[in-house]
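Peer 1: Given next are the chains, with one letter for each unit.
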Amino acid sequence: MLKTRIIPCLDVKDGRVVKGINFVDLVDAGDPVEQAKVYDKQGADELCFLDITASSDNRNILLDVVRETANQCFMPLTVGGGVRELSDIRNLLLAGADKVGINTSAITNPDLIQDGANKFGSQCIVVAIDAKKINDKWIVFTHGGRKETKLDAIKWAQFVVDKGAGELLVTSMDRDGTGSGFDLELLKEITSKVTVPVIASGGVGTLKHLVEGVKIGGASAVLAASIFHFGKYKIKDARKAMTDAGLNTRL
Amino acid sequence: MIKKRIGIINYGMGNIHSVYNALLSLGIESIVTNNKKELHSCDAFILPGVGAFPNAIKNLLKLDLVDEIKNQVLNKNKNILGICLGMQLFADYSEEGEFNEGLSLIPGKVIDLSRKITYRVPHIGWNSLLINANSPLFEGIPEKQDFYFVHRYYFDCHKKYILANTSYEMMVTSVINHNNIYGVQFHPERSHNTGIKLLYNFTQLENK
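Heads up: the protein sequence lines correspond to chains A and B, in order. With this note's numbering as the guide, the letters of the first sequence map in order to residues 1 to 251. With this note's numbering as the guide, the letters of the second sequence map in order to residues 1001 to 1208.
Pulled out of the complex, with its shape left as it was, chain B reads as follows (with noise of 0.2 Å):
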């Protein structure tokens, strides 16, 4: 095992200790923290997110954290995973709430599922990954595995940065990736084993 030090980022938003105990049973080191100097003492980071995206972007500046978050991964080129509302901060903009800007990390933008489908809204439960590309972050998962999901809006971008989808009356973007960015729509720290397993994965990859 890559012994790598996890900076989970702290923005106020929940969520964030499920995240560090699923790191924890793993054996991984991680740090739960705002704090600038922390955040450079570290390997990868981890955005996660339980909220609202409007008031997750708000509390990203107001901490002066976005600035730092680019600096981290598009300047020294640090792996990072966005979790759920984490995943959908990397986008151009989101229409949740009014609209909001995101840290266009991964060009894209964040939509109303219910504008979409029919199906009920929030998609809350269960469902499978249809994995459109090889990636070291499915190592040990086989197809089909469900992974636990809680979410209105989804992430909307061009097919290239997406690594697998789910199938939800249309195709909901699922796994998402450009360069040392990675983003998913689901929790895997609440998605037992194989939610567990993706996380280790995270933390083993290589720096680009």
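If we strip away everything but chain A, and leave its shape as in the complex, we get (with noise of 0.2 Å):
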């Protein structure tokens, strides 16, 4: 039987582990590989690393600190950050990731879904959305959360699955950072819609907001940063939590 996955995810600026809110405030929370090597101990179900000013400074992502964290770790990594180019998917690829998320890229070059699932598999292509809500509609935003762009996050969705993405990464821009929970609702919307595995994200601050992503949003994996990085809780800690609420997870 399949396990709902724990992702803790390591929010990278240059070449730092950082955690804001609402996308903006960013506060030190360590070194990547030191915190990749952290999760790994902890038996984390796989490893989000976002590069999240590679698209918003125009540059590449930084390969080093990837295949460093890589090669620490025994769990699948999924990695995004300024992916433009085939040849980017096919660097982080061989740096040691798993899967590829991309985010600005997929709407400036849509193509690059199709060929990059055509090339490399939909399994390991990733479309990160990042939503936020604006007049009773969700809308895409791109470059880190800093540029608002015209799209329905929920059509915008159907359409990248469309195109070949393997799975989503749903961050709600409203609730990031803030500990108030998933936004369930974006999440229902856009997981009674779409066929593939979709990862909760945005807006953890308690285990059970976890189990709630899971069994009302629709998540096939929940993905978690503060509540990690400073201490709170351990990854054991969700786990025990989502198996108290029924929730298949690993031992």
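Note that these hints are calculated values from the structure, not bench results. These numbers come from a predicted model, not from an experiment. Cβ coordinates follow ideal geometry from the N, Cα and C atoms, glycine included. Take the hints with a grain of salt, since some may be wrong.
[Stated by the list, open to error] Keeping only pairs whose Cα atoms sit at most 25 Å apart, straight-line, the calculated PhoX-like set for lysine-lysine is:
id	chain 1	residue 1	chain 2	residue 2
1	A	LYS163	B	LYS1116
2	A	LYS193	A	LYS137
3	A	LYS119	B	LYS1062
4	A	LYS193	B	LYS1116
5	A	LYS236	B	LYS1197
6	A	LYS188	A	LYS240
7	B	LYS1144	A	LYS215
8	B	LYS1197	A	LYS37
[Said to hold, decoys possible] Just a few of them, taken from the derived set where beta-carbon distance is under 8 Å, the chain A residues facing chain B:
id	residue
9	MET1
10	GLN42
11	GLY43
12	MET75
13	LEU93
14	GLY96
15	LYS99
16	GLN114
17	ASP115
18	LYS119
19	CYS124
20	GLY166
21	ALA221
Two chains, each in its own frame: build the complex with the hints.
Peer 2: Spelled out as structure tokens, the structure:
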């Protein structure tokens, strides 16, 4: 039986793990390689590594840091940030990523999703969607939450899956860093309309929030940063809370 | 520990260094190569893989490795372990993208899971093995241990080649074996200690 994944996320800026609130006011949370080792030891189900300023700085992802992080862990690694071309996907996979996250470039160049899926398989193409609620609609943002688009997040989610995305990483910008829980309505809308797995992200403050993301939001995996980085909870605490709520997790 | 020289076949698909690192953590010497001379010097092989089938087989042909792999495995009887896409390449053909022939090392075909099940596809995450047949590959690995899967296609073959299945709405082939040829659908190199143990077991298999 497939288990619900618990995914700590390293938001990396200038080679350091950071954590912000609503995508700004970033606080230093350590060295990515050291953090990766900690989560590997804790038995995290997967690790997500996002270079959050690669697109806004218009530069490529820090491949060395990715390689070093990948070398330190024996768990799956999803990497995103500044992926613009097929060669970026290839370089990340060769650096040790198992899946590659595409966000900004999925919008500026949607063919990248299709070409990436054809070349590397849809199983390794994760489209990250940063959404913010504006006038009762969820709108997609790019460039690490800095640029508003005109895209409806729900329709966009369906579109990228049709293009070949194998998984979606859905982040609520309204909830990110607030600790007030996932945007469950956003998750429900998306998980009911796509057939690929969805990773819920943005807003986890308590272990109960993780359970809600799966039970109410319909997510296949839950992603969190602050509650793990600052030592409030360990992976095993999250696992226990989810098992107690009747969800299947790894032992 | 039996010290063997393991050749990790480098055919331009991803994830190669994860396998190298996993072996390194066990103190096992391996070389990442597509050089035939170097492949000759190896005792056993791992065919890793993150990627799409059409591209993978094209790369193997371009590097002139198809006949070489078959020679090492079928004539010299060296053990080989295919991981994920690497295992799928052992099939007769795959329906991923357009029709493409595989290496035909284990009779079978590679089929799109989404044609068979209603669960979410790709099958991504940790799932357990239902072991059909004993194998030294599973030594020291208790039943129902979880391994990491990330795939859209699966290996459809006769049950006599299936060492273990994994339940995901249907029985999905997760470990196959035919003579000295082994394949796993999951990523042992990404499956923490249990996965590393399985890789270790492969390196300790006797040559048949």
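Peer 1: Hint by hint, say whether it matches the structure.
Peer 2: Okay, the hints, checked on the actual structure:
The hinted pair formed by LYS163 of chain A and LYS1116 of chain B meets the criterion: a straight-line CA distance of about 21 Å does not exceed 25 Å. Among the hinted pairs, LYS193 of chain A with LYS137 of chain A is consistent with the structure: their alpha-carbon atoms are about 16 Å apart, no more than 25 Å. For a cut-off of 25 Å, the pair hint linking LYS119 of chain A to LYS1062 of chain B stands: about 16 Å separates their Cα positions. For the suggested pair LYS193 of chain A and LYS1116 of chain B, the alpha carbons sit about 19 Å apart, so the restraint of at most 25 Å is met.
Restraint check for LYS236 of chain A and LYS1197 of chain B: the C-alpha separation of about 22 Å stays at or below 25 Å, so the hint holds. For the hint linking LYS188 of chain A to LYS240 of chain A, the alpha-carbon distance of about 24 Å falls within 25 Å, and the restraint holds. Distance hint between LYS1144 of chain B and LYS215 of chain A is fulfilled; the C-alpha atoms sit about 24 Å from each other, no more than 25 Å. Proposed proximity of LYS1197 of chain B and LYS37 of chain A is supported: the alpha carbons are some 19 Å apart, at most 25 Å.
This hint holds: MET1 of chain A has a C-beta 6 Å from the nearest C-beta of chain B, less than the 8 Å allowed. Annotation: interface hint on GLN42 of chain A violated; nearest CB of chain B at approximately 11 Å, more than 8 Å. Taking 8 Å as the C-beta contact cut-off toward chain B, the hint placing GLY43 of chain A at the interface holds, the least distance being around 6 Å. A least Cβ separation of about 6 Å between MET75 of chain A and chain B falls short of the 8 Å threshold, and the interface hint therefore holds.
Hint on LEU93 of chain A holds. Least Cβ distance to chain B is approximately 3 Å, under the 8 Å limit. For the restraint placing GLY96 of chain A at the interface with chain B, the shortest Cβ-Cβ distance is roughly 5 Å, inside the 8 Å limit, so the hint holds. Because the beta carbon of LYS99 of chain A sits about 7 Å from the nearest beta carbon in chain B, less than 8 Å, this interface hint is met. Interface hint status for GLN114 of chain A: violated, as the beta-carbon distance to the closest one in chain B is roughly 12 Å, over 8 Å.
The closest approach between the C-beta of ASP115 of chain A and any C-beta of chain B is roughly 11 Å, which is over the 8 Å cut-off, so the hint fails. For the restraint placing LYS119 of chain A at the interface with chain B, the shortest Cβ-Cβ distance is roughly 6 Å, inside the 8 Å limit, so the hint holds. Look at CYS124 of chain A: its Cβ gets to within about 6 Å of chain B, closer than 8 Å, so that hint holds up. For GLY166 of chain A, the interface hint holds, since its Cβ comes within 8 Å of a Cβ in chain B; the closest pair sits about 5 Å apart.
Against a cut-off of 8 Å between C-beta atoms, the interface hint on ALA221 of chain A holds, since the closest Cβ of chain B lies about 7 Å away.
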